[in-house]
Every structure is written in C-alpha cells, then in structure tokens.
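Chains as they are written, first to last, in full-length UniProt numbering: chain A, 1 to 383; chain B, 1 to 383; chain C, 1 to 383; chain D, 1 to 383.
One should not assume that every hint holds.
Identical chains share a label here; the pair holds if one copy fits it or two copies do between them.
Simulated pairs of lysine to aspartate or glutamate, EDC-like, Cα-Cα distance not exceeding 20 Å [unchecked claim]:
| id | residue 1 | residue 2 |
| --- | --- | --- |
| 1 | Lys231 | Asp77 |
| 2 | Lys111 | Glu321 |
| 3 | Lys358 | Asp311 |
| 4 | Lys26 | Glu160 |
| 5 | Lys358 | Glu336 |
| 6 | Lys26 | Asp95 |
| 7 | Lys73 | Asp105 |
| 8 | Lys111 | Asp268 |
Hints listed in this document are in silico derivations from the structure and should not be mistaken for laboratory results.
Remember, it's a predicted structure, so these values are computed and weren't measured experimentally.
Number of protein chains: 4
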Amino acid sequence: MNLDGLDGFTIEVPSWAYGNSGTRFKVFTRPGGPRNPYEKLSDAAQVNRLTGLANRVSLHIPWDLVDDWGDLKAHADKLGVQIGAINSNVFQDDDYRLGSLCNPDPAIRRKAIDHHRQCLDVMRQTGSTDLKIWLPDGLNYAGQDSLRGRQDRLAESLREIYDASDDNHRILLEYKFFEPYFYSTDIPDWGTSLLHCLALGERATVVLDTGHHAPGTNIEFIVMQLIRQKKLGAFDFNSRYYADDDLIVGSADPFQLFRIMSEIVAADAHRPESGVNFMLDQCHNIEEKIPGQILSVLNVEQALAKALQVDQAALATAQREGDVLGAHQVLMDAYETDVRGALADRREARGLPRDPVKAFQASGYARTVAAERVGGTQASWGA
Amino acid sequence: MNLDGLDGFTIEVPSWAYGNSGTRFKVFTRPGGPRNPYEKLSDAAQVNRLTGLANRVSLHIPWDLVDDWGDLKAHADKLGVQIGAINSNVFQDDDYRLGSLCNPDPAIRRKAIDHHRQCLDVMRQTGSTDLKIWLPDGLNYAGQDSLRGRQDRLAESLREIYDASDDNHRILLEYKFFEPYFYSTDIPDWGTSLLHCLALGERATVVLDTGHHAPGTNIEFIVMQLIRQKKLGAFDFNSRYYADDDLIVGSADPFQLFRIMSEIVAADAHRPESGVNFMLDQCHNIEEKIPGQILSVLNVEQALAKALQVDQAALATAQREGDVLGAHQVLMDAYETDVRGALADRREARGLPRDPVKAFQASGYARTVAAERVGGTQASWGA
Amino acid sequence: MNLDGLDGFTIEVPSWAYGNSGTRFKVFTRPGGPRNPYEKLSDAAQVNRLTGLANRVSLHIPWDLVDDWGDLKAHADKLGVQIGAINSNVFQDDDYRLGSLCNPDPAIRRKAIDHHRQCLDVMRQTGSTDLKIWLPDGLNYAGQDSLRGRQDRLAESLREIYDASDDNHRILLEYKFFEPYFYSTDIPDWGTSLLHCLALGERATVVLDTGHHAPGTNIEFIVMQLIRQKKLGAFDFNSRYYADDDLIVGSADPFQLFRIMSEIVAADAHRPESGVNFMLDQCHNIEEKIPGQILSVLNVEQALAKALQVDQAALATAQREGDVLGAHQVLMDAYETDVRGALADRREARGLPRDPVKAFQASGYARTVAAERVGGTQASWGA
Amino acid sequence: MNLDGLDGFTIEVPSWAYGNSGTRFKVFTRPGGPRNPYEKLSDAAQVNRLTGLANRVSLHIPWDLVDDWGDLKAHADKLGVQIGAINSNVFQDDDYRLGSLCNPDPAIRRKAIDHHRQCLDVMRQTGSTDLKIWLPDGLNYAGQDSLRGRQDRLAESLREIYDASDDNHRILLEYKFFEPYFYSTDIPDWGTSLLHCLALGERATVVLDTGHHAPGTNIEFIVMQLIRQKKLGAFDFNSRYYADDDLIVGSADPFQLFRIMSEIVAADAHRPESGVNFMLDQCHNIEEKIPGQILSVLNVEQALAKALQVDQAALATAQREGDVLGAHQVLMDAYETDVRGALADRREARGLPRDPVKAFQASGYARTVAAERVGGTQASWGA
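All chains, please: the whole structure from these sequences, using the hints.
Below you can see the structure in the form of structure tokens.
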C-alpha cells in the first residue's frame, strides 16, 4: 500500500480543545484540565508525540495571552510543537451582544478591529502567519438590523484589519450557517466569505468548517470550488449530525470525510506547498480530551490514506466513458480498503506507537496531570 | 370580530425566562436580573398584569427551590399569579454526563429518579399538578451505549416516577430531536414520548416543544395526532429557524403558529377544559426579557384570535368539494385578517393597556429593579 | 395606505404553468389544458387581464417552438402580453443522461451549446432579451464524474454561449441545491452561479429560485448579497416546505416572502429600472392552473404592498439604537397590516376586478376552453 | 472471519426496479428494458443467480397483473425465485388527485379499498403473505382538507382492508415524510404508521423506507424502537442525500447502513425467523438496472457482514463502564474491517462468482435481452 502521499501532511490542533467545553446546558469538568496556555501546549504535544501528525497548535486570543511570548515559544519548542494560527475572539464580551465587526455602534466596531490588531501583534511575536477570523455576528430577529448595512460595515472593518496585516500574513475568514445567532449570520456561507476575501486581496482566504453548513450540503463540492478559485485557506474539521455539533471528525460520516479528502488528493492539496491548513476545531464534551484529539488526527490521516488509494487512472477512464457505477465503484474500492494495519506499520517504522490511543492510556499522563494540576481555574471553552 | 374563544385562554410563563440565558458561546447579562424565585415571580407577574394572559408561572427545580413554599405561594398570590408546572433538571450536574434516567450506572439513575420524587414533593407543597420532564439524555457517538438498553432503563425509571405520583398529578413528557447530545437523544420524537406515556398510564401525556423537530416537520399534524390520541398535555412554545433556537414564539414563522392554533381551534383544545397547558419555553439572549415575554404571549393570543376567524362552515364545504385553492383561501383569509385593533379594544375593555409592551416601557419597572437588585448573583438559565 | 411603490411593478408568468405538470409519480390532467404556445399565451393573458400585473410570458424551448414567431408575437400583442425570458431545456432528451453543458462527452456538450444558440435566435425573433439557463446537470454517485472537470467544462460552455449572445442580451443563470441529480448538482448554490457570472461578464446575472435552497437557508440574505454585487437578475418564485416543492408562492411561508420583498424595497429593486425580473416558476399539480397563477401574482403583490408599509425611518432609528424588539416590531407591524382592501380598491380604480380569482371563476373561461380544446395533445410540463 | 450470521439472510428485490424510472423531469430509457412481469422476473433472477441473496421478488399491482398467476409462478420457480410482497398502487389514476384511502369523496375511498382487496386476491393466488401499502395521500396547501378528518377516514379504510385479509396475511404499512404531496402526508412518520398498526391488530406492522425521513433523523433509533415494539415488518432500502432520492442503498452513507444493520444484529433480527422482510425500493435513473440491483444487495450484505464483526462483549463492557470513545471504537473497528475478500470467498464456496457485477457484465445478458426485447412498451416505473 503506497502511503507516500502522507509524507509532510500535518494537522493543526487547537489549544482550546484541551480546556473544558460543552453545550449551553452544561460544561462538564474533569480532573487534570489545563489551567493556562503552557499546560494546553503540554497536552497538545501529547497528540504529536504519539501520532507524529500534529506539530502545530492554534492559539485563541485573549484566552491564550501570556506575558512573555518568547517563553511560551521556548516551551513549545521543548515540547516539539509550534504556534499555529491565531484565532480572534469577538463573542465573549458583553459589548458584542449586537455584533462586533458589524455592530451598529462604531465604538464597538473599533474595539473589535483593535482586538484583531492585537492578534496581529501576537502573530508578529509568535511567528504565526495565519489570522483566523470566525465572525460570530448575526441577528436573532428579522428587522433587528439592516442585513445590507452590516455587510458594508463588515467590509470596512475587514479592510482595516487586512491593511494592518503584514505581507507574510494570511487572513483566514470562516463562514457559519447559524449560531450564535439564529435569524441570520453575517458570513453565513462560502459565497459571502469568498466575496469578502476577493475584495480584500490575495492574502485573504476562506476557512471551511465541516460543521458550518445547511443539512444536505455537498461539502466536497465547496472544497473543489474554493481550490479552483485558489481561495481555500484552511479547514476546521469536526463532525455533525444535526447542527454545529463539533464532534470528533470522522465519527458521524466517515464517507463524507473520505470524499472531502479525495477532492483534496485530486487537487494535490494535501501537500504542504498547497498552503491549505488542515485544522481541527471540535468540542470534547463528554469524552476524554487528549484521546479525542488523537482519534481525530488519526481519522483525518485514515481518510487521506484511503483517498490516496483511489486508482486515479481507472477512475478517469470510467468517468470519461460515462460508466456511472464503474466510476463509483473505483472510489468505493478505495474507501472499503482497510488501511489501519498499513498506518500502524508506518507509525512503527517512524518510531511511533502502533496504537496511539492505547499508548496514551498506558503512559499515565492523565493521572500525572490530574495529580499535578491542583488549584487554579481550569481553562474553558470556545468552539 | 368575534373573540369570545379567547375567554379563559391562558399561557403559562417559565420562571427561567427572566434569568440570564444564552448560547454555549456567551450568556449576556443585564442590570436588574432577578436573583431568586421571588424576584422571578415579580417579573413574571408584570407579564400577566399587562396582558391578562399569563397567570401561571412554571418553576424549575432545583433552581427555584425555596425554604418556605407557603411563603412563595403567598408572594405569588399577592402578585396575582399561581405556581404552574414543576420542571425537573437532570442536566446540570457532573453526574449526568452520560445521562440520567437512562444512565448505564444504576446509582445515577437512582439519583435522577429521586430528584423527580423531590419534584413531586414540591408539587404537593405548591399545589402544582403538572410534572414536566425534559429528558436531556442521549449519546454523542454511535456505539457509545445501547440504544435499546437505554429505552428499557428509561421505561423502568419513568414507571417508578409515575407510580410515585399522586392521582391528581400529570406527567408531561417532552421529546427533543437533538441537543445536548448529537448522535441520538433518548426521546427524540413524539412517537417515542407517546409510547412511554401509553405504557405509563392515563396521567402521562406528551409535551410538544415547537422547536424540537427536524427541519420540515409538519408540527400541526403532530398536534392533531396527539389530540386525536388524547395525549397532548402541553406546549412549549418558541420559534426556530435552524435548530432549537428558542426565539420568541411567532417571530420566525407566524403562519406556522397560526396553523398550529387552527388545529387547536378545530379540536376546541384552546378551551381550559381541554387540559392542554400552553406554555412558553424560550431564551431571551439579546433582547429585554420582560418585553420578550409580553410579546410572546401576545403573539400566541394573536395567532389564536386569527384561528378563531376561520369560517369553519365555508372551510368544511370547500374541503368536502375538493376545492383545493378555495379551501386554502378560506384559511388564508383568516390569517390575513388584522386582529391587532380588536385585541387592543378587548384589552382596553378589560382594564388592560392597549399596548402592553409600551405600557411596560412606560412603567419604569426595569429601572426600578435595576436600582433595587444590587449585589447577589443573577439567576441563570436553562432552556 | 400608500401603494405608489406598486406602480410599474410586474411579474412574469411562465408558459409551462398552464400545461400539465406533476411529480415523478403522476401528472394529473384536466379538461381544457392548452395544446400549443398560442393556447398557453391565451391562458396566461387571463392572469394579466384580471390582475394587471402579469404582462410578460416566459417561453420554454423547444416546448414553445412555433413556425412563425411574428404570428405568435401578433397573437400575444392582441392578448395584451409580451414574450418574456427564453428558457432553454437540456434535460428532456436521452442524450442528457449524464449532463449537458458539463457532459463528459464533447459531442453532447456541443449539442447543448447549440441548443442555447437556438434560444438566442428565438430571442432575436421575439425581441426577448433574457436567456434563462437552469442547468439540470449533476451526479447521482460520488466518483461518477470529476466535480472539478465539470466546472471547467461548464465555464467553457457558458463562455461560448455568452460570446454568441448580443449586446442587449442578458444571461440569467439559475442555481439549484438538488434534483434531478442527488449527489451533486453542477450549480448548487448562489456562490457557484455568481462565480460563473463574474467570469462571463457584465451581462450575466444570477437567478434566485425561492425553492432551490437547503433547509433553513436565509433567502433574503442572498437577495441582499446579490443586489449588493449588482448581480441579481431574476427571481423564480414558488413555495416549498421540504424540497423543490414548486407550490404557489406565498402559500407555505408568507412571512418569508414578505422578508424577501422587504429586502427588495430596501434596495429599491422593485422598480422596473432595477432590472430584476420577477418571475413565477411553479407547478400546479392538483389545483386549477389559471386561478393558481392569479393567486400567485396576487401573493407577490400583497407581500410587496406590505413591505412598502414598513416605517423605514422608525426602523432605521430602532436599528441604530440597538433596540432589538423595537426594530423587529416595526417590521412586524407592516407585516400584520391587512392590505387586501387597499389592493382591491386599487384594482377597482384601475378598472380591474376587486377579486380576480372570483372574476375568473365567473368568466366561464375554463368551461369555454374545455369545450373548445378537444383533440390534440395537452402540453405537458417541466419545472 | 465469522460470517455464519449471513446464513439464511435474504433481500427481496422489487419488480419495478428493472423497468424505467426517473425524476419528474425525465425518465431515461435503455435498450432491453423488460416489457412485462415475466421479463421483470427474468431480470430479477439474474440478481439472485449471481449473488445467492435475492430469491424473492415484490410485485406491484396493477403493473404486474397477469392473466394466469399459476403460469407466472411457474416462470418464477424455473428462475429460482418466488413472489414476495404485493404492493398496491393508489397514485397513478386521475381519481386519486386528492388522495385514496383518505379522499374526501367516499366513492374514491371505496375504489381504493377495493383495489387493496384485489391485491389480497393476488396474494391468495401467488402465495404471497405480505401486503405492502405505501399511502401516497396528502395535501399541498394548508387548509386544503382536514388533517384530522383524513386520519379518521384512513383508520376506517385500513380497518376494512385488514378485516378482508387472511390470517396468514401481514399488512405492511409504510410512512413517508413528504412527496408526492408537500404540505402534509397522511402517514408522515413512524409514529403515525405505528398508531394505525396498533389499532389494526397483530398482523399489521410498519415498513421503514430508509429514504422517508426528515434530514438528520437517526434511523437506527427507529429500527430499534420498532423492534422493541415488535412492529418492524419490513425495510425499503435505498439511499438519500437530500429528499427521497432513491439511490443505491449504501451509496450515500455506508456508515448509516452499517449502524442500521448493527441494530438489526443486536436484536437478532437478521435471522429469517425474525419476520423482518429486507426489501429494496430504489430507482435506477441513470445507471444500468441489473448491476444496480446486484450492487445494492451486495451493499446490504456487506453492511451486515461488518455488523456481525462487532465484538459484542467488548462493546457491552465499554458501554457499561461509560468508556465513551472505547465503546465507539469497538463499533468503528468492525466498520473499518474490510470484508470484501471474505465475502468473495464465501460466494465462491457456494458456487457463486467472486465478483457478481463483473460476472453479470461478462454474461452477455444485457446484450441478449436488448436483442430479444424488440417492440412492445418498456415497463415504467413507480417508486
């Protein structure tokens, strides 16, 4: 089984995945939860240590602000990971009740823009080059604000942020169908995100969160279209059955994940030089967090490994000949291939455990941190 | 305009609507939020004072536990409201991470059952006759637990609760499509709720929350079917665009609310003797809470007033004759009728303000409580 | 009630609405169905005669091909209507089993392109300036064809059609979420349609069919966004509960139709000079067809009339002040206004019947054509 | 790999799958399509000959009416297949425009009931014991008819049919979310179907069509619940992305099919003595029909084979211990197992081709029937 295409493929993990998260009804807590960015990085480093796949960690500002960035970077270096994308947060402040970059009040827009300038500063200090913006803005009631006015304000706010960014910075602009507002969101779909990116310039690209679409949406089509426009900047991987469920990627519809990775392979976008940042963005509400992250990166790797097994020549032939079922079966043959053994072999050959989840359980790490991390406040969430 | 059908029609409001609520991302706070059940009842009483429609208040246990129930009832009496349904809570305790009445651990099922016994005791002390159970139990991952095993445990747990209830008690069993779990919930649909109610006995009935269905579900059909089975116990009214958005009832799809109320009128279920408890269950995340509740009860009243305008004889004739558009238009004629003036007249005639929302704003109540309610912790949420 | 904004507002009706249509299960027939384009125009003219709103009729090629276009135009003139948009058809030929403009076989793409050239010729002969393209292409199975390859072929095919069009021609490009293919469609969303239009040039614009979206999609947001991009070319109005149900516009969610028309009014796009073509595209499966069309144009007019009642100054003030419920209520006040009487008055003042549906029933037209149209084959459908 | 659980497991195929089918837009035709029930059985027998899985064929009345049932049975015997369920048809007659068993006109209800009596007669003559009723009744417009009145008529009609059936007959009652009507259907969900079955008696059971649910519905939950009620009579297998797409089962979401079959295995319902009839009900619009059916039965077999690999003891332990990810992974391990080789071995051992689709292509059957079946009218469709 040829798995060379996996070489160089990595997945970025989010610092907030190790903190507590939940639903509006309840955030469950567990012993050993990290209390600061240092401990989050330590947890994240476990994922990389055991899978060899996750050597970058996204930070979330202001949750992950530290006094001494050099010190945090040194901590990361020691752990074998790097600082990845910087995520802004314009949803956890009372001021943002009616929005941030789209708020009708210019003073609050100013505050939200300035927060992104702060994030750009963090990027300069950490060496991060990706500013990821998830815009939580939206409306709950028809008429509450002008849909058009909000787009115009958004364009203006983004322009200022983009102009404040450096030449080596990318702006990654996420879209989301609904939540935390329920009548409309101000970037509800890939089309709106793309229009803003096109207006901004070359360094602005779209983030595709696999959980942020209407029921029935063909996500791999969007992946294809954004690649075709050279505007796919990053993924936020996770799984959904109903809404933005933020479950472990690949747990709800592994065939969809495979189809997405097949579009990636078809465009050679799994290679590092493609510039696509493959990130996780999930909640672990009831399961253990580090095993949840390990399983997630393995699921993405597995889907990619299967996508690499597609017999591209046979597929192209069947497609050209209009052999509907034949072409479909070429794809399904790759999907039905059991790649678990080959992936375990590959890990072993690289000095990694065959079964990273079991290796984590055996490591005693969870017990150790539960014993050590006493007192203080456990870090909590975000999606 | 004949509005006699409104006589005796009332809507129950939830105590938790006046506390803070929000999404998993943020709970916004406001000055003057109530800090205890007494203050919640005071807020709720405003709704009734200004609309004459909302003379019962549902409580939520343990949030609304007080030391002296007689004293709370006296407070309610003074405010002109009564204690309505008692709502149990089996979702805000770490023990319930894997469920409550369905939990694989019998000790946790015991705890959840005992909590419902406590609620029955509250009912005995407050004179409430409705125990409302929203079961938050469910799974996030396929295989996580046995779907079948959980149904059997649920049946057993409910049996014990039902048997512990008094002859004048009703069990109102709610269903919900998803959330707070995302692979499955243990009472996902009206069919499952009904099966458990049928197994329990005559005093168990179904709660229909208008936000707890899959996209596209015809809710008035379910209303009709539950009435046909004599098993519609109560409504939890609210609005949704996407998921369980918990917006103000009637704000997202007023025509749907009208269709629901038309089925109610067709079965004479709006009359108090029908036993259907018309309740609100909403979040007010960004809007003012008391005006939000006032608007909600007015929206339900307006939909009912329109439904009462349906020319039933003309409708029956057109239906019998297979006049598709004619029958539809009879319904639409009622819907398009502007009942606002007649409702304002009716309120005026009963000594109520023509415009209850404006009357509330003019009353200075919000300012007063903001000044008075200083210190302490504002009550917070639940859906 | 000021209804001046209605002046000059018209709705285009489709020739195929008067022929037989149905579902995959059954096409019901009725006496008097039109058998040719002449009879379709006669039926369509009834709608305009009774409502004064529908003076243009879209044609569908090849269904509406005639030998002598001058003669058809003269027939239309005599009836008081004009030829509107020309609709191509690339779905009712065995050749199009695997697609038309995206087909893997270049010979079939050629045939499909040539069909559009034929449509452009019809436009030249009828004076129509709008070529409406609904692309039925898509896939039923993952892997069946290359999603990316199909986009590239589509771009190429559209380029050729656009280049073959005249300077006074517009290309109206429709998108559709699913059907008649179920794994993917080649223009599934407004984003894809817009990207192709942007690539083509100024004379290419997007068609928004109100039934062609995923569940939960905020359609008025898309209306706003397309107007903001100056790329909203036309509407295909109809109603849906579940899929592309093609019911009478305004029958399923009249509030949504009102919100859409409110965005139109907010952008002054209801005025003829906006260039937006307001068209119907519906099926009348079980109801009478001419009354169904009359009701449809009246529903659109009614929604526009209500949207014109929005107190824009009060709305802007409430929005600016962040008065969530106040702003929402300004909108709802317009929606709750009963405009039926004022619209009847306006019709009467213009020499039109107060109740166009009743006037049609009283006219005996249906009986007349049922008696006259004997023999021949009734025209059948398309959506 | 232990595949003993497959012994005795069979799938019933529908006679109409071999005729032409399509969407409302187009029914594509192909050379060699069967023209009568004899030729349909011949085609169906190919599926069984090559897979050993499909020895029963459902008939559809009146499409499959023949003069001499004994002769048709003899033809079936010779082909190695039997007559399976008898499907009624109350949707392809102009009389049924407003419904059949629910029609407001008693004469049409009478006709529809009598049609089912005819189907019962066919059962007596063919030895079939299953009468499958898919009720296409519904409404397109709110108000069009009384939802409640229709339920009462339905109950009455079904009662008469049930009473006319023999003691060895089963009534299989299907539900469907929407289509061919779009405002409501008269049996929209499993709850409604079950209520009617409970009212009818022991021999009435529910049919679960995998394509007949709202988006996001957890189908395996319903499977479990119906089994728990001893009321799961049959499956109609197929796949969907959006609506009732009727694609090849397992092609859209193979993991869902696996989860369904896992619930089946958990309840031992895959064994013939369970009485669950596993049927296909699909359209093959653009793909070859016999290969489409072969692939479908293989997909169901594959899903069952995987479900049989679940380590039930490990699963039960992990579930009991509340090991969320551990339990999920036990299930996923079975799902990720590649069973293709073992299934091919098993086929070979039983004298069947390792690759039934390839064997069919090699057999020349398609060419033969295309040459033979000249003249006449190809059988067409229904879903």
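Identical-chain pair category, Lys26 with Asp95, by Cα at 20 Å: This pair counts as between: shortest inter-copy Cα distance 11 Å, intra-copy 24 Å.
Alpha-carbon proximity between Lys111 and Asp268, which holds within one copy, between copies, both or neither at 20 Å: Neither. Shortest intra-copy (40 Å) and inter-copy (33 Å) distances fail the 20 Å Cα cut-off.
Intra- versus inter-subunit Cα pairing at 20 Å for Lys231 with Asp77: neither (31 Å within a copy, 50 Å between copies)
Alpha-carbon proximity between Lys26 and Glu160, which holds within one copy, between copies, both or neither at 20 Å: Classified as neither: same-chain Cα gap 37 Å, cross-chain 26 Å, threshold 20 Å.
Status of Asp105 relative to Lys73 across identical chains (alpha carbons, at most 20 Å): neither (37 Å within a copy, 44 Å between copies)
Lys111 and Glu321: within-copy, between-copy, both or neither at 20 Å Cα: between (58 Å within a copy, 18 Å between copies)
Within, between, both or neither: Lys358, Glu336 at alpha-carbon 20 Å: Only across copies: Lys358 and Glu336 sit 18 Å apart there, 24 Å inside one copy, limit 20 Å.
Alpha-carbon proximity context of Lys358 and Asp311, limit 20 Å: Cα proximity of Lys358 and Asp311: across copies only (18 Å, versus 33 Å in one copy).
The earlier numbered hints that this structure contradicts are 1, 4, 7, 8.
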